[in-house]
Amino acid sequence: MTAFLVLLVGPLCGALAAIALPGRAARAAAAATIAATLVAAVGLAGQVVAQGVLRLELGGWAPPLGIALEADGLAAVMLVMTALVMTAVGLTARHALAPDTAGARAAFGFWPLMLLLWAALNAVFLSRDLFNLYVGLELLSLAAIGLVALGGTAAAFAAAIRYMIFALVGSLLYLAGVILIYAAHGTLDMHLLSGLDPAASDGLALALMTGGLLAKTALFPFHVWLPPAHGSAPSPASAVLSALVPKASFVILLRLWLDAMPDRTGEAALTLLAMLGAAAVIWGSVRAIAQVRLKLIVAYSTVAQIGYLFVVFPLAGGAAGDLPSASGAWNGTSMLIVSHALAKSAMFLIAGQWMSVAGSDRLADLRGLALLMPMSAAAFAMAAVSLAGLPPSGGFTGKYLIMTAAFASGQWVWALVMAVGGLLAAVYLYRPLAVLFARTDAPDLAALSRARQVVPLILAGASIVLGIASAGLFEILPVGRPQAAEEVL
Amino acid sequence: MTDPTLYAVTGAALVGIGFYGLLSARHLLRRVIAFNVIGSGLFVFFGAAGARGETVDPVPQALIITGIVVALSASALAVGLIAAQARARARATLPDEDRGGDA
Amino acid sequence: MTAILPVLLLLTSLLPATITFFLDQDRFRLRNTLNLGGAIVKVGLIVMMLLAVAGGASYETSIPLAPGLVVLLQIDTLALMFVSLSAFLWLLTTVYAIAYFGRKREQSRFFGFFGLCVASTTGIALSGSLISFFIFFELLTLTTWPLVAHKQDRASLRAARIYLLYALPCSVVLLIAIVWLKGITGPILFTDPPDLSQVDPVTLRVIFAMFIIGVGMKAAIVPLHGWLPAAMAAPAPVSALLHAVAVVKAGAFGVIRLVYDVFGVERMTALGLGLPLAVLASVTILWGSIRALQQTEIKKRLAFSTVSQVSYIILGAALASPMGLIGGLAHLVHQGLMKITLFFCAGIYDERAGVRAIAGLNGLGPRMPWTSTCFSLAAIGMIGLPPLAGFVTKIYLGLGSLQAGAPWVLAVLAASTLLNAAYFLPMLYRLWFADPAPEVAGDEAAPALVAPAVIAAMGALGAGMLAASGVSPLGWATLIVEREVAP
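So the protein lines, in turn, are chains A, B and C. Its first residue numbered 1, the first sequence is counted upward by one per residue in my numbering. Its first residue numbered 490, the second sequence is counted upward by one per residue in my numbering. Its first residue numbered 593, the third sequence is counted upward by one per residue in my numbering.
Treat the hints with care, since some could be wrong.
As the list claims (entries may be wrong) - Derived pair list, reagent style SDA-like, types lysine to any residue, alpha-carbon separation capped at 25 Å:
#1 K743(C) x R362(A)
#2 K743(C) x P374(A)
#3 K696(C) x L371(A)
#4 K696(C) x F983(C)
#5 K743(C) x G368(A)
#6 K696(C) x R439(A)
#7 K743(C) x L192(A)
#8 K892(C) x D1027(C)
#9 K696(C) x A36(A)
#10 K696(C) x G368(A)
#11 K743(C) x P64(A)
#12 K743(C) x I468(A)
#13 K743(C) x P221(A)
#14 K743(C) x V435(A)
#15 K743(C) x L433(A)
#16 K696(C) x A381(A)
#17 K743(C) x F614(C)
#18 K696(C) x T440(A)
#19 K743(C) x T271(A)
#20 K743(C) x T440(A)
#21 K696(C) x L433(A)
#22 K743(C) x A446(A)
#23 K696(C) x R362(A)
#24 K892(C) x F983(C)
#25 K696(C) x V435(A)
#26 K743(C) x R431(A)
Because the hints were derived from the structure by calculation, they are not lab data.
Same shape as in the complex, but just chain A (with noise of 0.2 Å):
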């Protein structure tokens, strides 16, 4: 239970230190944090493959009257994507947001936001209580929006403002729904949830906190909010806010629509979700073709990416959630979150070294980079081969596991959805290819050394990686699922 104390408290005491301490000391024990957070997140996937399901009830109470914390597969997947998202964005900010270059304002605000944030997510992965959800959600977003703000120019601030509204609204939704859930059933534990009646206003109450959790997880056409916000925060923060952000929130809609409440949902709304999901995916990647800076590439980027995972709600719920295919449906989501959030923190990474070299993002600004910083414009291609979803990669293998399952379940539309969606992304990760490999004479700029280079790079090719060896992952990811994964060829 240690591993639990120390992914929850760690990084708040983390954050605490690094705002009290003064600035050598801050970033010491923001290093110290991250790496006693990285190895509880890993010691904990283990004793989850080793001895299943973890549950922790606070305080000895169980619910409903308590609050259990709880660590089954996914979140213990979860946990451990963040924990190497969050290693590499540290070492990289360690001199991308050094006080010399980056300004003594992001420099402070950087560390502590940071370990909030990652607090909040390692409290939305583990929570299986809405209200106790509700408050992760709420640390998640405040400290989100901080890290959009730090850039302190007014687009930032207006980028930070804009987010705010979303979320603070998506709050309130959410709360709505809680309190709807409580009046109905006296309980918000979700496994206590699943095993009730329904109740008359249990539909309005889902409807209420999807809606809440669509804004926050910036899905079609709540998505506006996010390619500026992700586009003027620094690179690192950037990394951390699309890499990671909306994984929280739509993992909590995953638990509720598939685990807690899968009687309240109708195949209607199921579909709803996975067509808002699909014109994520073209809308997202029409926009990203028309830009011309590379963050708001890779911004829009995400919002198509997150479309990707809402196919999976028709593909495993509802009548689909009985056959076979559905734990194909899943696990290919899964792999997709964790094969995106590796490639997109890489992408933005690499897109803020790039930025301190060339002084700008825009395409134009970047021509004939590859020759010069080999090593960023290799990991750049890995990780956009892994968002196009092109064998072998995590994003290849999430994908061909999706489009089976619909094949299977008769859904053969989201495959093409999956197909097309690819085809797109290869499109708008062209462009900026292309710029970069196209030979200039030789631009007048100091690269930056390659152990700078080589953190994104790891990302990236463990996004390659994922496709060829996700052994470990599949250990995980079906425990605690009832439906547990079986071995087809």
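Chain A is already provided as a structure; the job is to place chains B and C on it using the hints.
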């Protein structure tokens, strides 16, 4: 009308007023206040929901207190951001909503 | 041991490639040793396996990627034929490329991706299931892009973009077809073809068409051939790779796998799919030749010639008669040997004499005798004159068409032969009989460039002269047909 029902109706009315404010106001501070009105409405409603039985359910009270703390910190951050933006742009509205802004 | 062999075969290309990426540009000796070493080890492994497989052995490895996604590698006679071709030509091309690039920059990138390309091709050859095939097929697309764009100038980037513009949509079509068929029949293994008797024939026809679009793009079937002539902007070793070692061959190989190991001859005949495919191949053969005639640049003419020649292989597969298939399979190797010779020579003309246009070939024969002899031999082979390899292929295809009851194919073959002669003979005439242009100077003082061309040309010659023996490509093709198709 029994007491809890009165509270519940009041809560619902507050939520409605708050949402109207959130959608209609351009000035960001007004929006923050609207957000707080909605929050208060929800809490009143929640409290009413917990008082329906013979004995008063303590859980909503605990949750409401937590919720108030959360809403307070969110409001604080919001006001801070709005102030920072107002210093940067000399306006307390969002850039694409300037027209008709009352800052 | 037997389970490791397919993986080892992959690693011989994969490992040197991976290490090469991290080498500094000026580590010429280490890089060359690595790549040549990998290529030699691979050829050695293959010779070993050729002996074992001829004796009846087979190898299989499965690598699970995810629940429901397994890469299956297996070595059968057909796989071995393709893999030996690509390994042997890889060795030659590596020698050639080392000489071609000399001390130029960006070699680590080139050889790294080159090795990855060959590894993907090996994977395509060894794939035992449709999804494994797709994974390597796509990997080939991706690793070829940096090679086509290698020069990084406007023309190369345009060629690379056109390549992806054709490749990616077609691969999406292929993936959908694979997933669709898998959804109906379960996993699709080449050794254990799915039972299609219960599937709706219209669905099957649509899936078949999608398959042909998906793999046919790499085989440059008209109208999906536009990328191949555009890609001649790439350096000569890349052209060799595209036209002979890997890409185009992978497409043709894919068609054979689909026809024989997924659908099966009987099902294809029952669905009436053989004739449309044969017509498509015939149209491609003629169209490629006609377009080749119109070209004035050596490499462009050769590129359109490939469009035409690769469809012989597909024609052989589409005829669905044993003789036709033998001809098609043998042409897989024959065309590779002849076309790589031609591209090696075209590269030498460019590098040593600065000649790219066909008109520039005037009188180069006596000045560059080795190169020009190889070029002439390969060209004569392409036309299909005895005793070269192309002749053997055309004989078998002709017999196969009679066997299949499609005598109209003979007319296609005859017309194509005439067209081949029409675009190759003028080049030979210019080489040997035209008066040399005074300002053009050419020499052959680069043995490492010329030797691979000579060896490849001798291979093409040998494949034709020794066709009757068991060790020739034709002999092996016969073995494949006897073992895999006939029973």
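Verification of the hints:
1. K743(C) x R362(A): Since the Cα atoms of K743(C) and R362(A) sit roughly 24 Å apart, the hinted pair holds (cutoff 25 Å).
2. K743(C) x P374(A): Within the cut-off at roughly 15 Å; holds.
3. K696(C) x L371(A): 14 Å, holds
4. K696(C) x F983(C): 40 Å, violated
5. K743(C) x G368(A): 12 Å, holds
6. K696(C) x R439(A): 15 Å, holds
7. K743(C) x L192(A): This hinted pair is violated, its Cα atoms lying about 64 Å apart.
8. K892(C) x D1027(C): Given pair K892(C), D1027(C) holds - Cα atoms ~24 Å apart, limit 25 Å.
9. K696(C) x A36(A): 48 Å, violated
10. K696(C) x G368(A): 18 Å, holds
11. K743(C) x P64(A): Since the Cα atoms of K743(C) and P64(A) sit roughly 67 Å apart, the hinted pair is violated (cutoff 25 Å).
12. K743(C) x I468(A): Given pair K743(C), I468(A) is violated - Cα atoms ~31 Å apart, limit 25 Å.
13. K743(C) x P221(A): 43 Å, violated
14. K743(C) x V435(A): Holds, because 14 Å separates the two Cα atoms, which is no more than 25 Å.
15. K743(C) x L433(A): At roughly 15 Å apart (the allowed maximum being 25 Å), L433(A) and K743(C) satisfy the hint.
16. K696(C) x A381(A): Between K696(C) and A381(A) the Cα gap is close to 24 Å, so the pair holds against 25 Å.
17. K743(C) x F614(C): Holds: K743(C) and F614(C) sit about 20 Å apart, inside 25 Å.
18. K696(C) x T440(A): Holds. K696(C) to T440(A) sits at ~17 Å (cutoff 25 Å).
19. K743(C) x T271(A): Measuring from Cα to Cα gives roughly 48 Å; hence the hint is violated.
20. K743(C) x T440(A): 12 Å, holds
21. K696(C) x L433(A): With a Cα-Cα distance of about 23 Å, the restraint between K696(C) and L433(A) holds, given a limit of 25 Å.
22. K743(C) x A446(A): 23 Å, holds
23. K696(C) x R362(A): 31 Å, violated
24. K892(C) x F983(C): Between K892(C) and F983(C) the Cα gap is close to 24 Å, so the pair holds against 25 Å.
25. K696(C) x V435(A): Cα-Cα ~22 Å, so holds.
26. K743(C) x R431(A): Since the Cα atoms of K743(C) and R431(A) sit roughly 18 Å apart, the hinted pair holds (cutoff 25 Å).
In summary, the structure is inconsistent with hints 4, 7, 9, 11, 12, 13, 19, 23 from the numbered list given earlier, while agreeing with the others.
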